[in-house]
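Peer 1: If you're matching them up, the sequences are chains A and B in order.
Each step along the first sequence adds one to the number in my numbering, with nothing skipped, and position 36 is 36.
Each step along the second sequence adds one to the number in my numbering, with nothing skipped, and position 251 is 251.
Worth double-checking, as some hints may not be accurate.
Stated by the list, open to error - Footprint (simulated), chain A over chain B, 3 or more residues, beta carbon under 8 Å: (1) 10 to 19; (2) 129 to 142; (3) 207 to 221; (4) 245 to 251; (5) 265 to 273.
What the hints assert, rightly or not - Here are the simulated BS3-like cross-link-like pairs (lysine-lysine), alpha carbons at most 25 Å apart as the crow flies: (6) A:202 with B:119; (7) B:253 with B:29; (8) B:209 with A:450; (9) B:126 with A:177; (10) A:478 with B:29; (11) B:10 with B:38; (12) B:126 with A:478.
Said to hold, decoys possible - Away from chain A, derived, C-beta distances all over 10 Å, residues of chain B: (13) 7; (14) 99; (15) 256.
Calculated from the structure, these hints are not laboratory results.
Don't be surprised by glycine CBs; every beta carbon is placed ideally from N, CA and C.
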Amino acid sequence: MLYFSKLRIICITLISLFFIFISSSNLFNSNNFLFDKKINLGLDLQGGSYLLLEIDNTPVIEQKLQNQIISLRNYFKEQKIRLNNFKITDQSLSFSVKKEFKEVVLNEFQNEESSINPYYPRFKSHQFDIIEKENNFIINFSRQGLVELKTSSQDQALEIVRRRIDEIGTNEPNILKRGNDRILVELPGLDDPMRIKSLLGKTANLTFRFVTNNNEDSFGSEKLKYEDTNEEANVSKRIILSGENLLDAQPRMNSETNETVVSFTLDRVGAKRFGKATSTGIGKQLAIVLDGKIISAPVIRDTIASGSGQISGGFTFQSATDLALLLRSGALPAPLNIIEERTVGPDLGQDSINAGIIALIIGFVLVIFFIIFKYKIFGLITNIALIINLFLLVGILTIFEATLTLPGIAGIILTVGMAVDANVLIFERIKEELKNEKNNLIAFDSGYTKSRTAILDANITTLLAAIILFFMGSGPIKGFSLTLGVGIFTTLFSVYFIARLLTVIYISRNKERDIRV
Amino acid sequence: MISFNKYYNKFNILSLSLVSISLLLLIFKGLNFGIDFKGGTLIELRSNDNKINVSTLRDNLNQLSLGDISVKNFGNETDFLIKFENDSKKNVIEEIKSNLDKSFGNSFSFRRVENVGPKVSAELLKSGVIAISIALILMLIYIWIRFEWQFSLGAILALFHDVIVTLGLFSLLSLEINLSIVAAVLTIVGYSMNDTVVIFDRVRENLRKYSDIKIYELTNISINETLSRTLITSITTLLALFSIFFFGGEILKGFSLAMIFGVIFGTYSSIYIANTVLVRLNVSQKTILKEDK
C-alpha cells in the first residue's frame, strides 16, 4: 500500500491543483476567465421566494364532461337513442337511457373503434370509464384520461405562469413541473412575493357578454356580482368575446375622465365580432367579466369597428397595470393554489452566509488544532489533506454548478468533522502495528491494509444515508445530502492519495528513525 | 484496559429504560412538529424598535384572530418568530403587514415567510418517514451482507436506540421537528452505523485471531483497541457540530442539536448496545467460520 509511481504522483498533484484552481473561480467576478463556473447560492442564502402551485383541475374536468354531453347526445341521436337526465356531480357525469338501449350504449362505449372513443387508437386505452349504477350510467375520466388531461393543463399553465413572471421581469426565475398537477416557481432575489402571488392567483378568464333582463335568453343566463360592490346583474351565457381574442392590453390614462383604464386591441376575428355586437346592441349593457365577476358593464353608445377599446372600472395605476399584464399573458386553463411558500429576505440570507462561514472557519480551526495536538507531524499531514479535501469538495460543486444551501454548508462542516475519521482509523492502526513491528515501512503498510475494510464499510453506510436523502428529500435536505455525499468521495481521495502520499514521503525520508504516531 | 464489559448489564437496563421512557413520551406527549409537517405559517420578523417585545407583538397579532398563535424571540431581543395554523385565508401575510405598520409604524422587516399547506405537510411527513425507514432497511441489508445476522441485529438495535432516544429527548424538551431534523436523524443513523461497523470489524478480526477467548472478553478487547479512534472521531465531529450550534445561526440550531445528541448516543450505543447483542446471542468463533470457508 505504500508504493506510488511517478505517474501517479503527478496525477494526484495535477488533480489537486486543478480543483484548487476551479474552487478559486468562486472568488473572482470575471466572466472571461477560463472557468467562469460558480456555485449557485440557494434561495435561503441569497434570498428569494419559493412557491409551489397546485393546479385545481376540477373546473377543467367539469368543462370537459360538459362538452361530452353534447357530443354524446348527438352521437346517439344518429342511432335514434335518446339519452336523458344528464347531470354532472363530483367530477362525474351521469345519464339515463331506456332499458332496451342499455346494451347498445354500453357496447358503443367499449368498442375500440367507435368515434366516441377517439382516444383509443392513440393511447390504447379509454378516455372514460363507464359504470352502470341503478338505472343510470356514470362516466368518469379513466386513469389514462385523467393523466392526459392533467398533463395538458399543466403544460398550458406552465406556459402562462412563465409569461406572467417574465412580464414582471424578475431575474432568472426557475419554473419547473412537479408531478402532473404542480408547478414549482423559484424567484431568486425577490423578497416580497405579494404581487406575483396575486398575479398567479388569478385565472384571468376574460369575457364580454350582454346584460339581459329577460330570462328567455336561448343560451341561458346567470347572476354575477360586481367586482367592487355587492350588486348583481343578470348576464347572458353567450360569450361575445373572450381573452383569447386580445392582441394587446396596456394601462392608459383617459384624458377626458382622468381615470386609469386598460386599453386593448383585438385580433381580426375579435374585431369583427366586437363590431357586429356593438352595432346590433346599441343601448344595451355589455358586461366585462373577469373570473366570474363583473368589472364594469358600460352601455354601448356606438358601433366600435376599430377593434380596440377600453375597460374602466375604478382602477388604480397598479391594478390597471396588473390587469393589462394578465390579459396580455393569457388565461390559465385552471385556477392555481399556492400550497407551499418559502420566502427569505436578502438580509437574512446574508446573515446565514456569514454565520455559516464563521461556523465553518471555527469548526475547521478547532479540528485542525485538535488533530495537530493529537498526531503532531501526521496531524499536519492530515490537515493538509483535509484542506485539499475542502478544495476538492468546493471544486466539484463548482464544476456541476451545484446549489449551495444553508444545510449544505452544515454538510460541509460535518464532512470536515467526519473526514478525519478515516485518517484516525489508519493512524490508530499504525500505532498498534508499531508496537509489535520494528520496521516502519512494514508497520505503516499493514496499518493501511488492515484499516481498509472498516473505512470502506463506514463510508458506504454514510453514503447510503446521503443517497436516500438526496432522492427522497426536498429542497434544503437535498443540499445537505449533496455536500455530504460528494464529501465522502473527496474524503476517500484525500485520505488514500494525498495523506498517504505525504505519509510515504515522510517515512521514506526517516526510515531508520523511531517514528511515533 | 478499561473493563467496559463489567457494566454491560447495568447499561443495558439503562438503555432499556431510556428507550421505554422515550417511547412513552412519543406516545403520550408526542412530538412538536413544525410547520413543515403540520402545515401552517411561520414568519420571522426583525424590529428596529427595541421597545417592542413578545407580549406587545402578540397582543397586536391577536387583533387579527388568527387562532392559536405563537410568538417567540428568535436568537435575540429584536428578532421574533411567529407561528400559526393557517386556515388558508389568502392575504393573511399582507393583513399582518398592514396591521403591524398601523400599530408600530414602519419598524418591522419580514426576514422570512414560510407557508406550508396541509397537503404538502402530510406529504413531507410521509416522505420523511419513508426515507428513514428505507435508510434503516438498506443498512440492515448492507450489514447482513458484510457480517453475520447477529451483527446485523446488534447494529440495527443500536440504530433504533439512537433514533428513538434522540426523538424522545426532542419530545421531552419540546424541540421542534422540521425537515432538517429528518436530515439530522438520517445522518445520525449513518454515523451510529459507522461507529458500530468499526468496532464490529475489530470483533470479527479478533474472533479469527484468538480462538480461545469468549465473546464477553473479546468485545471488551475490541472496544479498547478501537477506543481512541472512537473518542477522537467523536470529538472532532462534536467540535464541528458545536461550532455549527454556537455560530451557525438560529436556523441550524435544531439540526446541530439533534446531531450532537445523536453522536453522543451513537458512540454510547456502539459500545453498550451493539456489543452486548453479540454477547447475548453468544456469538463465537464458530459464527464466522461459515464466512471464512
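Peer 1: Are the hints correct? Go through all of them and say.
Peer 2: Evaluated hints:
no.	hint	in the structure
1	10 to 19	violated (count 0)
2	129 to 142	holds (count 7)
3	207 to 221	violated (count 0)
4	245 to 251	holds (count 5)
5	265 to 273	violated (count 0)
6	A:202 with B:119	holds, 21 Å
7	B:253 with B:29	holds, 22 Å
8	B:209 with A:450	holds, 13 Å
9	B:126 with A:177	holds, 21 Å
10	A:478 with B:29	violated, 30 Å
11	B:10 with B:38	violated, 39 Å
12	B:126 with A:478	holds, 16 Å
13	7	holds, 23 Å
14	99	holds, 15 Å
15	256	violated, 7 Å
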